[in-house]
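Take these sequences, add in the hints, and give me the full structure.
There are 4 protein chains.
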Amino acid sequence: MEAVLLVHGDREYVRHPGEELQTDLGVLDVPEDVSHGDELETHLGEPFVARRLRGPDLFEHFERTGAPMMPRDAGLVMGHTGAGGGDRVLDAGTGTGVLAAYLARAGAEVTTYETDPAFADVARENMILGGVDDRVDVRTGDVTEHLDELVGADSFDVLTLDTGDSAAVVERAPELLTTGGFVTVYSPFVESIRKTIEAAGGDLTDVRTFETIQRRMDVSERGTRPSTAGVGHTGYLTFARKE
Amino acid sequence: MEAVLLVHGDREYVRHPGEELQTDLGVLDVPEDVSHGDELETHLGEPFVARRLRGPDLFEHFERTGAPMMPRDAGLVMGHTGAGGGDRVLDAGTGTGVLAAYLARAGAEVTTYETDPAFADVARENMILGGVDDRVDVRTGDVTEHLDELVGADSFDVLTLDTGDSAAVVERAPELLTTGGFVTVYSPFVESIRKTIEAAGGDLTDVRTFETIQRRMDVSERGTRPSTAGVGHTGYLTFARKE
Amino acid sequence: MEAVLLVHGDREYVRHPGEELQTDLGVLDVPEDVSHGDELETHLGEPFVARRLRGPDLFEHFERTGAPMMPRDAGLVMGHTGAGGGDRVLDAGTGTGVLAAYLARAGAEVTTYETDPAFADVARENMILGGVDDRVDVRTGDVTEHLDELVGADSFDVLTLDTGDSAAVVERAPELLTTGGFVTVYSPFVESIRKTIEAAGGDLTDVRTFETIQRRMDVSERGTRPSTAGVGHTGYLTFARKE
Amino acid sequence: MEAVLLVHGDREYVRHPGEELQTDLGVLDVPEDVSHGDELETHLGEPFVARRLRGPDLFEHFERTGAPMMPRDAGLVMGHTGAGGGDRVLDAGTGTGVLAAYLARAGAEVTTYETDPAFADVARENMILGGVDDRVDVRTGDVTEHLDELVGADSFDVLTLDTGDSAAVVERAPELLTTGGFVTVYSPFVESIRKTIEAAGGDLTDVRTFETIQRRMDVSERGTRPSTAGVGHTGYLTFARKE
Numbered sequence: 002m003e004a005v006l007l008v009h010g011d012r013e014y015v016r017h018p019g020e021e022l023q024t025d026l027g028v029l030d031v032p033e034d035v036s037h038g039d040e041l042e043t044h045l046g047e048p049f050v051a052r053r054l055r056g057p058d059l060f061e062h063f064e065r066t067g068a069p070m071m072p073r074d075a076g077l078v079m080g081h082t083g084a085g086g087g088d089r090v091l092d093a094g095t096g097t098g099v100l101a102a103y104l105a106r107a108g109a110e111v112t113t114y115e116t117d118p119a120f121a122d123v124a125r126e127n128m129i130l131g132g133v134d135d136r137v138d139v140r141t142g143d144v145t146e147h148l149d150e151l152v153g154a155d156s157f158d159v160l161t162l163d164t165g166d167s168a169a170v171v172e173r174a175p176e177l178l179t180t181g182g183f184v185t186v187y188s189p190f191v192e193s194i195r196k197t198i199e200a201a202g203g204d205l206t207d208v209r210t211f212e213t214i215q216r217r218m219d220v221s222e223r224g225t226r227p228s229t230a231g232v233g234h235t236g237y238l239t240f241a242r243k244e
Numbered sequence: 002m003e004a005v006l007l008v009h010g011d012r013e014y015v016r017h018p019g020e021e022l023q024t025d026l027g028v029l030d031v032p033e034d035v036s037h038g039d040e041l042e043t044h045l046g047e048p049f050v051a052r053r054l055r056g057p058d059l060f061e062h063f064e065r066t067g068a069p070m071m072p073r074d075a076g077l078v079m080g081h082t083g084a085g086g087g088d089r090v091l092d093a094g095t096g097t098g099v100l101a102a103y104l105a106r107a108g109a110e111v112t113t114y115e116t117d118p119a120f121a122d123v124a125r126e127n128m129i130l131g132g133v134d135d136r137v138d139v140r141t142g143d144v145t146e147h148l149d150e151l152v153g154a155d156s157f158d159v160l161t162l163d164t165g166d167s168a169a170v171v172e173r174a175p176e177l178l179t180t181g182g183f184v185t186v187y188s189p190f191v192e193s194i195r196k197t198i199e200a201a202g203g204d205l206t207d208v209r210t211f212e213t214i215q216r217r218m219d220v221s222e223r224g225t226r227p228s229t230a231g232v233g234h235t236g237y238l239t240f241a242r243k244e
Numbered sequence: 002m003e004a005v006l007l008v009h010g011d012r013e014y015v016r017h018p019g020e021e022l023q024t025d026l027g028v029l030d031v032p033e034d035v036s037h038g039d040e041l042e043t044h045l046g047e048p049f050v051a052r053r054l055r056g057p058d059l060f061e062h063f064e065r066t067g068a069p070m071m072p073r074d075a076g077l078v079m080g081h082t083g084a085g086g087g088d089r090v091l092d093a094g095t096g097t098g099v100l101a102a103y104l105a106r107a108g109a110e111v112t113t114y115e116t117d118p119a120f121a122d123v124a125r126e127n128m129i130l131g132g133v134d135d136r137v138d139v140r141t142g143d144v145t146e147h148l149d150e151l152v153g154a155d156s157f158d159v160l161t162l163d164t165g166d167s168a169a170v171v172e173r174a175p176e177l178l179t180t181g182g183f184v185t186v187y188s189p190f191v192e193s194i195r196k197t198i199e200a201a202g203g204d205l206t207d208v209r210t211f212e213t214i215q216r217r218m219d220v221s222e223r224g225t226r227p228s229t230a231g232v233g234h235t236g237y238l239t240f241a242r243k244e
Numbered sequence: 002m003e004a005v006l007l008v009h010g011d012r013e014y015v016r017h018p019g020e021e022l023q024t025d026l027g028v029l030d031v032p033e034d035v036s037h038g039d040e041l042e043t044h045l046g047e048p049f050v051a052r053r054l055r056g057p058d059l060f061e062h063f064e065r066t067g068a069p070m071m072p073r074d075a076g077l078v079m080g081h082t083g084a085g086g087g088d089r090v091l092d093a094g095t096g097t098g099v100l101a102a103y104l105a106r107a108g109a110e111v112t113t114y115e116t117d118p119a120f121a122d123v124a125r126e127n128m129i130l131g132g133v134d135d136r137v138d139v140r141t142g143d144v145t146e147h148l149d150e151l152v153g154a155d156s157f158d159v160l161t162l163d164t165g166d167s168a169a170v171v172e173r174a175p176e177l178l179t180t181g182g183f184v185t186v187y188s189p190f191v192e193s194i195r196k197t198i199e200a201a202g203g204d205l206t207d208v209r210t211f212e213t214i215q216r217r218m219d220v221s222e223r224g225t226r227p228s229t230a231g232v233g234h235t236g237y238l239t240f241a242r243k244e
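Taken in order, these protein sequences are the chains called A, B, C and D. With the first sequence counted from 1, adding 1 to any position gets you my numbering. With the second sequence counted from 1, adding 1 to any position gets you my numbering. With the third sequence counted from 1, adding 1 to any position gets you my numbering. With the fourth sequence counted from 1, adding 1 to any position gets you my numbering.
Wrong hints could be hidden among the right ones.
No copy is singled out in the list; a pair is fine if it fits within one copy or between any two copies.
Stated by the list, open to error - Derived pair list, reagent style SDA-like, types lysine to any residue, alpha-carbon separation capped at 25 angstroms:
#	residue 1	residue 2
1	Lys196	Asp219
2	Lys196	Glu42
3	Lys196	Gly165
4	Lys196	Asp143
5	Lys196	Glu222
6	Lys196	Gly233
7	Lys196	His234
8	Lys196	Thr229
9	Lys196	Ala230
10	Lys196	Arg223
11	Lys196	Val28
12	Lys196	Val35
13	Lys196	Val123
14	Lys196	Pro175
15	Lys196	Asp39
Calculated from the structure, these hints are not laboratory results. Note that the structure is predicted; figures quoted are calculated from it, not measured.
This is the structure we're talking about:
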């Protein structure tokens, strides 16, 4: 069974059913049959509520092997591609696995490639923690070395790419994608936008790159205004579609 | 079976299996057993490819009863709340139904309220067209008049609100939501942000309002730059969570 | 004569000609006839270059009595109103005096009101430091209590307002301004935009409120991208013009 | 004497004193001694008000030889560099001359280079129209071919560059600028940012590139929100300073 979030005030811990939580608030044994919403107590009588991990919780609690994709960007990928139930998704590189987990929770079957074996192992653990290990196949390796076999298999509905050589996959996107399918490339830097677009060439349509600036609004007694803190850049998202 | 998108160059038509398409390219009978990717021909020999409707296609082809939520905003709701498989969502007002359809395609069971009976009828047709009529229950009525019965039922994982009186629902959100569940309010205007936040009061946590500015990047021979066309405001998204 | 900026590496000090600078690098007497570009030495032989204070230096070295207007916003006021040589400007409230100094350096004669006597004194010192005390008349008082006398005087070309009750001045703007003159209101909060616009009523034209988001671009070996640090909100600028 | 703006409702015409205005509202002779604020009448009795041309009016009424710099960007250049009274400015390329006129009106002496002889002629006429022909020296030619002589002359306080080969001037900026002086490069495209920054090298400090997104706010009965129309990109502004 997927992990649960144990919450006490501002404190949050992730444990699988059957596991033990040890903190200065005491020891808590998570029942095998824990349900979301259950109130549990440590041996010192301190209460914890068991919650289901939602998307943003995965972002917070997944073990990180780099800067994970932010919930807003995972959402934008789903919004602009419609990725969801019944879709077969090819993802690279896995990284922390936030996007793969979001897609799987939305019903997609995800095959994801991560070149770093240690990172891939962490991602596999994260998929178990997120309860989506049955729908995410984390493969250790460089996706560009496996394109021939992937092309040979059933086609994909969506490709989600976040690697240094995404362009090499984009070039093969027309072979990898089903008709009407989308490829998405996430890239922090402007320079890679051009490479992606050139790789999309004339074989893909609706090629569009978006930059998304998201700001918090501050609402106080004094008034309402955009945050003075500012919100920084994450990455550009380029989308293209197979006709 | 859900509708298919019939594509010929730039032209796109939506039809259900068994229906007929009449255009100047000829008449095309959509087979009952049409599969995505099938190439079909009109009686004049003009080819159409049958595609599965993806999220952005729903946005384009749903019959509109107002300005529908844009794919990016539907995605942001999913990203920031993690709404997806296994979730029970309470949505109001339905409008064109884009958000409800996105959520259902991501695996959620959606109950959505629309005050205008004619709009509700259109939304029901749109849910059939999107292949999600089994997971979206479009109810004609004002959600604020049904809160007592809704509170009495099993709790919801996510509330998605886009009505003039969203604040009235937000006030009841602690009763409607499961622990860790999210409420989202979409509002075009600044003034309603404050009402939402005040309604969230002290009973909900992580109250945050985001403004999202999305721009296209232009990539040409001359260079790369943000679009000179500009991208306009859609709406503010406020999120809050039940502890 | 106006003050000079004494620069040694990252260190900057402001002194008037004839004054003394004491630091751990030694004592330096600033000659009465110091010229911009002069290299001066402390008694320990440490070199300092004498620079003219430019606009951004005023922002850095003015004594602050609150958050001063940022150089970019002072520039936007000048850009959108064309305030400069030969203009008579009515400014309120003075605050640190950055905007008044910018306008005076661009050739305007500025009358500025500051309600706090201590702040007004600091502003006067800042105008001397900026070499514009002959073109900026810092008056202690509430501009709204002096409108009748101000209306009676020659009209103003530009009004620049940054106070809690700017709307009260905007209402009188048609009387205060010359034909074609501009009024500008700086306000951090959304709520005051509406008040300003309502005060502008039908008597002023070209009523426009701008929000300006400014971001730094990061250019590194890895690539070019908007800063991940983000740049926060400063204020909204509303402009209106007398027909 | 500088030109005046003749305003009748929404109609605006620019004429020099002594010139004639012919419209369907009748013929109007502009007196040699016209003053700002004067009400004039055509021979048909239609009234026109004579206004001083302000910065934004120059932007509207200058004859265009390309997309002129927008008032906001001219303002940002002045804000970030403090360019104004007493400054010597080297500008290239002149284009329509909006920036040169803004700087001159703020009290700067401007030397500006325009490679296209016809454009330079238009710019000269625009400077007369703006009443700044005595402070703006429009030279026909490529500034990069004149750097040696410019370096030999007195140094400049500010360099403002908006040409395809701005980087070649930036490389010589340390020789051209006085200590504490600024160089500014306006460039629509990302690619030129890097060239500018590399040219600034280690000899200039405070190298910063800004992108400025400006949006209008819509205030109506329904509420307040950023404009749905969007405001497009103009250009990146890179600033650097001589130590």
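Here is what the structure says about each hint:
1. In the homo-oligomer, the alpha carbons of lysine 196 and aspartate 219 lie at most 25 angstroms apart only across protomers (13 angstroms), although the nearest pairing inside one protomer, at 38 angstroms, exceeds that limit.
2. For the homomeric pair lysine 196 and glutamate 42, neither the shortest alpha-carbon distance inside one copy (55 angstroms) nor that between copies (37 angstroms) is at most 25 angstroms.
3. Taking the shortest Cα distances, lysine 196 and glycine 165 sit within 25 angstroms of each other both inside one copy (11 angstroms) and across copies (23 angstroms).
4. For the homomeric pair lysine 196 and aspartate 143, the shortest alpha-carbon distance inside one copy (19 angstroms) is at most 25 angstroms, but the shortest distance between copies (34 angstroms) is not.
5. In this assembly of identical chains, the alpha carbons of lysine 196 and glutamate 222 lie at most 25 angstroms apart only when taken from different copies (13 angstroms versus 48 angstroms within one copy).
6. For a Cα distance limit of 25 angstroms, the shortest separation of lysine 196 from glycine 233 qualifies both inside one copy, at 24 angstroms, and across copies, at 24 angstroms.
7. With identical chains, the CA atoms of lysine 196 and histidine 234 are at most 25 angstroms apart both within one copy (20 angstroms) and between copies (22 angstroms).
8. In this assembly of identical chains, the alpha carbons of lysine 196 and threonine 229 lie at most 25 angstroms apart only when taken from different copies (21 angstroms versus 35 angstroms within one copy).
9. Taking CA atoms no more than 25 angstroms apart as the test, lysine 196 paired with alanine 230 passes between copies only; the shortest distance there is 23 angstroms, against 33 angstroms inside one copy.
10. Only between protomers do lysine 196 and arginine 223 lie at most 25 angstroms apart by alpha-carbon distance; the minimum there is 15 angstroms, versus 47 angstroms within a single protomer.
11. Taking identical chains as interchangeable, the C-alpha atoms of lysine 196 and valine 28 are never at most 25 angstroms apart, the minima being 53 angstroms within one chain and 42 angstroms between chains.
12. Proximity of lysine 196 and valine 35 under a CA criterion of 25 angstroms is satisfied in neither setting, with 49 angstroms inside one chain copy and 37 angstroms between copies.
13. Taking the shortest Cα distances, lysine 196 and valine 123 never come within 25 angstroms of each other, neither inside one copy (30 angstroms) nor across copies (41 angstroms).
14. Taking identical chains as interchangeable, the C-alpha atoms of lysine 196 and proline 175 lie at most 25 angstroms apart only when both belong to the same chain, with a minimum of 16 angstroms there against 35 angstroms between chains.
15. For the homomeric pair lysine 196 and aspartate 39, neither the shortest alpha-carbon distance inside one copy (51 angstroms) nor that between copies (32 angstroms) is at most 25 angstroms.
The structure fails to meet hints 2, 11, 12, 13 and 15 from the earlier list, while all remaining hints are met.
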